[in-house]
Amino acid sequence: MKRLIFAAGSCLLWAGLLMIQSCSSAPEKPSAYVVEIKDMKFVPEDITVKKGDTITFINRDMMAHDVTEETAKSWSSGKMEADVSWKLVVSEAATYYCSIHTVMKGKIELE
Amino acid sequence: MKKKTNFIPIILASLLGLSFPSFAQNSKLTDPEIASIAVTANQVDIDQAAVALKLSKNPDVIHFAETMANDHKAVIGQAVALVTKLKVTPKDNAVSKKLTADATKTIADLKKKSGKAFDKAYVDNEVAYHKAVIGVVEGTLIPATANSELKDLLQKVVPALKAHLEHAEMIQKSLTK
Ligand SMILES: [Cu+2]
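Protein chains in written order, with the numbering used here: chain A, 1 to 111; chain B, 1 to 177.
No wet-lab data here; the hints were simulated from the structure. As the structure is a prediction and not an experimental result, all values here were calculated from the model. Don't take each hint at face value.
Unchecked claim - With a Cα cut of at most 30 Å, we get these calculated BS3-like pairs of lysine-lysine:
{"id": "1", "chain 1": "A", "residue 1": "K38", "chain 2": "A", "residue 2": "K73"}
{"id": "2", "chain 1": "B", "residue 1": "K54", "chain 2": "B", "residue 2": "K98"}
{"id": "3", "chain 1": "B", "residue 1": "K98", "chain 2": "B", "residue 2": "K131"}
{"id": "4", "chain 1": "A", "residue 1": "K105", "chain 2": "B", "residue 2": "K177"}
{"id": "5", "chain 1": "B", "residue 1": "K173", "chain 2": "A", "residue 2": "K107"}
{"id": "6", "chain 1": "B", "residue 1": "K151", "chain 2": "B", "residue 2": "K57"}
{"id": "7", "chain 1": "B", "residue 1": "K57", "chain 2": "B", "residue 2": "K162"}
{"id": "8", "chain 1": "B", "residue 1": "K162", "chain 2": "A", "residue 2": "K73"}
{"id": "9", "chain 1": "A", "residue 1": "K41", "chain 2": "B", "residue 2": "K28"}
{"id": "10", "chain 1": "B", "residue 1": "K28", "chain 2": "B", "residue 2": "K111"}
{"id": "11", "chain 1": "A", "residue 1": "K87", "chain 2": "B", "residue 2": "K162"}
{"id": "12", "chain 1": "B", "residue 1": "K162", "chain 2": "A", "residue 2": "K41"}
{"id": "13", "chain 1": "A", "residue 1": "K41", "chain 2": "B", "residue 2": "K105"}
{"id": "14", "chain 1": "B", "residue 1": "K57", "chain 2": "B", "residue 2": "K28"}
{"id": "15", "chain 1": "B", "residue 1": "K98", "chain 2": "B", "residue 2": "K111"}
{"id": "16", "chain 1": "B", "residue 1": "K173", "chain 2": "B", "residue 2": "K156"}
{"id": "17", "chain 1": "B", "residue 1": "K151", "chain 2": "A", "residue 2": "K38"}
{"id": "18", "chain 1": "B", "residue 1": "K156", "chain 2": "A", "residue 2": "K38"}
{"id": "19", "chain 1": "B", "residue 1": "K131", "chain 2": "B", "residue 2": "K105"}
{"id": "20", "chain 1": "B", "residue 1": "K131", "chain 2": "A", "residue 2": "K38"}
{"id": "21", "chain 1": "A", "residue 1": "K51", "chain 2": "A", "residue 2": "K79"}
{"id": "22", "chain 1": "B", "residue 1": "K131", "chain 2": "A", "residue 2": "K79"}
Stated by the list, open to error - Facing chain B, from chain A, some residues (calculated, C-beta under 8 Å):
{"id": "23", "residue": "S31"}
{"id": "24", "residue": "D39"}
{"id": "25", "residue": "M40"}
{"id": "26", "residue": "I58"}
{"id": "27", "residue": "M62"}
{"id": "28", "residue": "M63"}
{"id": "29", "residue": "A64"}
{"id": "30", "residue": "I100"}
{"id": "31", "residue": "T102"}
{"id": "32", "residue": "V103"}
What the hints assert, rightly or not - Between beta-carbon pairs, the in silico distance windows are:
{"id": "33", "chain 1": "B", "residue 1": "E169", "chain 2": "A", "residue 2": "E45", "range": "16 to 22 Å"}
{"id": "34", "chain 1": "A", "residue 1": "T54", "chain 2": "B", "residue 2": "D60", "range": "44 to 50 Å"}
{"id": "35", "chain 1": "B", "residue 1": "K28", "chain 2": "A", "residue 2": "G78", "range": "43 to 49 Å"}
{"id": "36", "chain 1": "B", "residue 1": "K156", "chain 2": "A", "residue 2": "V89", "range": "30 to 36 Å"}
Where a beta carbon is used, it is the ideal one built from N, C-alpha and C, also for glycine.
Make a model of the complete structure from these sequences and hints.
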């Protein structure tokens, strides 16, 4: 009998834990996005993410590019040769550009 | 009577920005000739960039020239890798020779200038040169290329040429202010 009560209790406990876990962690789980650099463009040029999400930039062109925050140069990938990728954890909205080819521009917006 | 397309006069005409009389030249460009034109056209821009890196003091012009040198080197690298793979030997022809001759003259003219006059002459030439090359690559080289990988490479280079043109035009505007 005692054992049965314990078993039932532990079931409830687990159910409770699962509920807490599903409620607290699901909305905060960061998402991963990819922006390709190809044909001298950021694809997509404009991306909307949540704070904490990750964007991986991949250079698909034969020439080197970089990804640089445009206004204050607050972050930059540095020079990325062909087929090199670089990850950014997004902390704020930004407009960025390629400082090598200054006509290439992109935008990160927050949801 | 079979009518053949005269490619070479068309290319020369676009490069020079002139309207050429139709020469009696019945030669269609071959892939080895197209490969040679592609490599030469890129080399010309690298050579002109080298002059700018020596003579300009304008940071925007220097940055642009560095980009031209690096990007056009990357294109030549891809072109050489491809023709090596395809076992195609680039073949000198009237167009590639004309490109080299014109570049020699342009560089001699540029070297006579300095300061703002040099910057303006260099950037004006880059705008005109990229326009001409885009016209030739899209209008003549791509349609004439038989090998699909060589055609793909030429197509892949066009967006870079267009970005370079836009970049050059942006500097051109800032220089006239
Ligand atoms: Cu770039």
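Hints breached by this structure: Numbers 6, 9, 10, 13, 14, 23, 26, 34, in rising order.
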